[in-house]
Every structure is written in C-alpha cells, then in structure tokens.
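Given these sequences and hints, build the entire structure.
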Amino acid sequence: MGKQKVKPNYRRRVLRLPDLDHCKAAVLSSLGPPASRRVYEYAIDQFIAWYCSEPRLAFNRIVVVRYRMYLESRHLAASTINQQLAAVRRLAHEAADAG
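Start counting the sequence shown at 1; every next residue gets the next number (my numbering).
Simulated from the structure, these hints should not be mistaken for lab results.
For glycine and all other residues, C-beta sits at the position ideal for the given N, C-alpha and C.
Be aware that one or more of the hints could be misleading.
[Said to hold, decoys possible] Pair by pair, the computed Cβ-Cβ distance ranges are:
| no. | residue 1 | residue 2 | range |
| --- | --- | --- | --- |
| 1 | A35 | A77 | 17 to 25 Å |
| 2 | S73 | A98 | 27 to 35 Å |
| 3 | H75 | D97 | 27 to 35 Å |
| 4 | Q46 | H22 | 15 to 23 Å |
The structure is reproduced here in structure tokens:
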C-alpha cells in the first residue's frame, strides 16, 4: 500500500482584540525606525478596526483578501494598499507564530 496523504492542520481561529493587540505590540517592537513604527501602527489599527467590525472571521488568507478588496473599494493608491497589506502580513505572521 502507498503512503497516505496527510492533510495539513489549518486551524480556524477567530482572534480577539487582546490577541491582536499582543501581536501588534510584537510587530511594532521588531521594527527599527520610528517612522516605520508609526506607519505600521496606523495600518494595523485600521485593519483591527475593520476586522473587529466583521462578523467573527477566522484570521486567514481569505480575510486578508477581503481586506484588500475593502481597501480597493476605497479607491486608495496601489502603493497605499501595498503598504497596508505589508503591515497586515507581518501581523498575520506574528499571529501564526504565537499560535
């Protein structure tokens, strides 16, 4: 018999405000220049406000895609959207590392 394929264990986790604040603090402490911290803090705060306004979304790739669609619907410049998403990606990596 051949090897069985093992499905990866993708946990669907709904993050709450304390979890997000903890991850935000970790991201901001990893940044160097104060200007970068300000930009990332603003972007993460915007994402958290949007995320908490949505009905119980698990923090995964689909949520990030939906957030991108939300940013695009606001007719923001591509560079602004990319900057916002870079901060959200850092937040997502930190959340994944935190479990």
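Hint check results:
no.	hint	verdict
1	A35 - A77: 17 to 25 Å	18 Å, holds
2	S73 - A98: 27 to 35 Å	30 Å, holds
3	H75 - D97: 27 to 35 Å	34 Å, holds
4	Q46 - H22: 15 to 23 Å	18 Å, holds
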